[in-house]
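K.L.:
Protein chains in written order, with our numbering: chain A, 1 to 151; chain B, 1 to 151; chain C, 1 to 151; chain D, 1 to 151.
The hints are simulated quantities; they were obtained by calculation from the structure and are not laboratory data.
Each hint should be verified, as a subset may be incorrect.
Pairs involving identical chains hold if they fit within one copy or between any two copies, as the list cannot separate such chains.
What the hints assert, rightly or not - Here are the simulated DSSO-like pairs of lysine-lysine, each with C-alpha atoms no more than 30 Å apart in a straight line:
hint, residue 1, residue 2
1, K6, K52
2, K143, K52
3, K6, K49
4, K129, K43
5, K117, K129
4 protein chains.
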Amino acid sequence: MADESKRQLVSEGDFAGWVMAEPAENFNGLVGPYYYRQDAAGKVEVAFKAEKRHLNGGGTVHGGCLLTLADTSLFIFALPHLDGGGAVTVQLDSQFQQPGRLDDIIIATGEITRAGKTLVFGRGELKCKDRLLMSFTGILARKSPQGSRDG
Amino acid sequence: MADESKRQLVSEGDFAGWVMAEPAENFNGLVGPYYYRQDAAGKVEVAFKAEKRHLNGGGTVHGGCLLTLADTSLFIFALPHLDGGGAVTVQLDSQFQQPGRLDDIIIATGEITRAGKTLVFGRGELKCKDRLLMSFTGILARKSPQGSRDG
Amino acid sequence: MADESKRQLVSEGDFAGWVMAEPAENFNGLVGPYYYRQDAAGKVEVAFKAEKRHLNGGGTVHGGCLLTLADTSLFIFALPHLDGGGAVTVQLDSQFQQPGRLDDIIIATGEITRAGKTLVFGRGELKCKDRLLMSFTGILARKSPQGSRDG
Amino acid sequence: MADESKRQLVSEGDFAGWVMAEPAENFNGLVGPYYYRQDAAGKVEVAFKAEKRHLNGGGTVHGGCLLTLADTSLFIFALPHLDGGGAVTVQLDSQFQQPGRLDDIIIATGEITRAGKTLVFGRGELKCKDRLLMSFTGILARKSPQGSRDG
Numbered sequence: 001m002a003d004e005s006k007r008q009l010v011s012e013g014d015f016a017g018w019v020m021a022e023p024a025e026n027f028n029g030l031v032g033p034y035y036y037r038q039d040a041a042g043k044v045e046v047a048f049k050a051e052k053r054h055l056n057g058g059g060t061v062h063g064g065c066l067l068t069l070a071d072t073s074l075f076i077f078a079l080p081h082l083d084g085g086g087a088v089t090v091q092l093d094s095q096f097q098q099p100g101r102l103d104d105i106i107i108a109t110g111e112i113t114r115a116g117k118t119l120v121f122g123r124g125e126l127k128c129k130d131r132l133l134m135s136f137t138g139i140l141a142r143k144s145p146q147g148s149r150d151g
Numbered sequence: 001m002a003d004e005s006k007r008q009l010v011s012e013g014d015f016a017g018w019v020m021a022e023p024a025e026n027f028n029g030l031v032g033p034y035y036y037r038q039d040a041a042g043k044v045e046v047a048f049k050a051e052k053r054h055l056n057g058g059g060t061v062h063g064g065c066l067l068t069l070a071d072t073s074l075f076i077f078a079l080p081h082l083d084g085g086g087a088v089t090v091q092l093d094s095q096f097q098q099p100g101r102l103d104d105i106i107i108a109t110g111e112i113t114r115a116g117k118t119l120v121f122g123r124g125e126l127k128c129k130d131r132l133l134m135s136f137t138g139i140l141a142r143k144s145p146q147g148s149r150d151g
Numbered sequence: 001m002a003d004e005s006k007r008q009l010v011s012e013g014d015f016a017g018w019v020m021a022e023p024a025e026n027f028n029g030l031v032g033p034y035y036y037r038q039d040a041a042g043k044v045e046v047a048f049k050a051e052k053r054h055l056n057g058g059g060t061v062h063g064g065c066l067l068t069l070a071d072t073s074l075f076i077f078a079l080p081h082l083d084g085g086g087a088v089t090v091q092l093d094s095q096f097q098q099p100g101r102l103d104d105i106i107i108a109t110g111e112i113t114r115a116g117k118t119l120v121f122g123r124g125e126l127k128c129k130d131r132l133l134m135s136f137t138g139i140l141a142r143k144s145p146q147g148s149r150d151g
Numbered sequence: 001m002a003d004e005s006k007r008q009l010v011s012e013g014d015f016a017g018w019v020m021a022e023p024a025e026n027f028n029g030l031v032g033p034y035y036y037r038q039d040a041a042g043k044v045e046v047a048f049k050a051e052k053r054h055l056n057g058g059g060t061v062h063g064g065c066l067l068t069l070a071d072t073s074l075f076i077f078a079l080p081h082l083d084g085g086g087a088v089t090v091q092l093d094s095q096f097q098q099p100g101r102l103d104d105i106i107i108a109t110g111e112i113t114r115a116g117k118t119l120v121f122g123r124g125e126l127k128c129k130d131r132l133l134m135s136f137t138g139i140l141a142r143k144s145p146q147g148s149r150d151g
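Produce the entire structure from the sequences given, and follow the hints as far as they go.
P.N.:
Following this line, the structure appears as structure tokens:
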């Protein structure tokens with residue numbers, strides 16, 4: 001999720017021009033920081049830079065680290081469709097196509113393909129430059145007023 | 001991955017009787033520690049305890065955190081089939097069925113359903129006691145001698 | 001779906017002891033017939049026999065044919081949880097582990113892992129004897145009173 | 001699969017301008033006919049028209065029927081990457097976003113996102129005009145010279 005309230009524009013470094021969400025004391029704070037930017041068409045990108053702490057024992061970016069970005073991004077992509085209400089991931093499928101490496105700037109892009117009354121469908125990919133690391137599809141369920149996932 | 005070399009038996013607390021992998025300076029070290037145990041039949045379980053740092057903005061365990069355990073577990077389940085060779089995840093699908101909560105002891109169990117010459121198929125679930133949080137299926141590809149994922 | 005009204009007990013042949021749904025003029029009628037049986041614990045199995053018309057150009061059972069059985073079975077497994085209401089598949093994931101062959105008796109087994117207020121989660125596998133052909137997971141959405149999928 | 005050898009250009013009707021593969025005595029012959037066309041950029045589309053025999057008991061196109069088109073299309077999309085060798089589907093994931101209806105012209109489009117030495121990754125969607133029915137992702141494994149799936 002990306003409900004961090006404090007955001008700041010980055011002025012230098014790898015993410016100059018991106019907005020950084022001030023890390024909260026939660027899983028995105030642990031794994032991130034994540035960076036956000038929006039193109040002219042309003043399409044949002046979410047990114048992070050792969051550090052040693054993101055790698056697996058084989059020296060490439062841990063699948064769980066890529067999946068965390070995918071899950072977070074899917075929620076970000078869905079935000080404009082949630083009308084201020086919450087949502088939870090109910091399904092996420094992913095294909096790992098090439099490994100992520102140390103120091104890679106990994107960027108998630110994607111789209112919501114259908115926003116229904118109860119379910120929101122989306123898809124996206126994680127890339128480092130032109131190298132496709134992972135594609136994913138997922139489904140979110142809007143939270144009921146009672147806040148339960150699927151009561 | 002779970003190539004941490006140092007392991008120690010836990011003698012007290014929530015994970016008494018489990019083995020803890022001494023956290024390495026990698027993603028499992030960041031997200032874990034993870035705990036392992038093996039039943040009489042040799043079936044391995046992988047577990048962690050949900051702390052505040054594992055939660056999303058909604059106060060439940062972040063999907064990426066559950067996916068990290070799933071991906072790690074799939075690899076652990078596959079180890080006996082890898083004959084000392086490596087493997088990389090090529091696909092992971094997950095269904096989030098109920099949310100994980102703060103202080104939940106979340107345990108992954110599963111099985112390898114087919115170990116072929118190039119691909120290893122598995123499945124599993126994450127539970128807190130009898131509560132099913134997530135089911136997952138995945139495919140690993142054995143690493144070629146050159147160490148490439150899928151050259 | 002499996003709303004065929006006429007069912008008959010098969011007394012001989014490969015499916016002796018199974019119940020056959022009289023083929024309706026729909027997709028299951030085209031691809032089937034499908035056969036059903038229930039064990040003492042109430043667990044349902046769904047089966048068909050692979051004929052030439054079920055094969056792909058490579059001489060093995062077409063993936064779509066296996067997926068049709070998976071989708072149909074998921075619905076059958078869910079029936080006791082639907083309380084007479086309808087449901088539609090919203091997601092299906094499948095791993096093809098070994099090919100189906102001509103004359104294989106292919107049997108689907110599985111379970112509903114969670115039946116929530118709006119979503120029903122399940123999983124299963126297709127086997128020919130002890131040979132695992134495919135594993136699958138899926139999500140159904142209960143139909144709203146208006147009969148819409150996801151309005 | 002789509003190895004039907006005889007193809008003919010359709011001159012009238014819903015599929016005027018498309019190429020029809022003469023139905024073989026296999027699953028695509030049973031479920032099809034399927035129609036193919038290629039745009040100026042070489043991108044292939046695969047289509048069929050939903051008839052009564054493609055519907056489920058609820059009166060919409062059976063999930064298995066859509067999945068059959070998805071699986072077939074994935075293979076068609078992969079053909080230029082297979083260099084005359086074969087391939088088998090090892091994984092297919094699908095999200096059903098809106099139902100298909102009787103008489104719908106349902107068209108599959110998609111792309112191969114990575115063609116590696118052993119695995120080929122792809123994705124696509126099924127649409128009726130602008131209505132997205134299903135999105136899918138999948139993985140094919142190249143057949144080894146011995147013709148085994150994952151021997």
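K.L.:
A separate judgement is required for each hint: does it hold in the structure or not?
P.N.:
Verification of the supplied hints:
1. K6 / K52: Both, since 26 Å and 19 Å are each at most 30 Å.
2. K143 / K52: Only across copies: K143 and K52 sit 21 Å apart there, 36 Å inside one copy, limit 30 Å.
3. K6 / K49: both (20 Å within a copy, 28 Å between copies)
4. K129 / K43: both (17 Å within a copy, 24 Å between copies)
5. K117 / K129: Between. Shortest inter-copy distance 22 Å satisfies the 30 Å Cα cut-off; intra-copy 36 Å does not.
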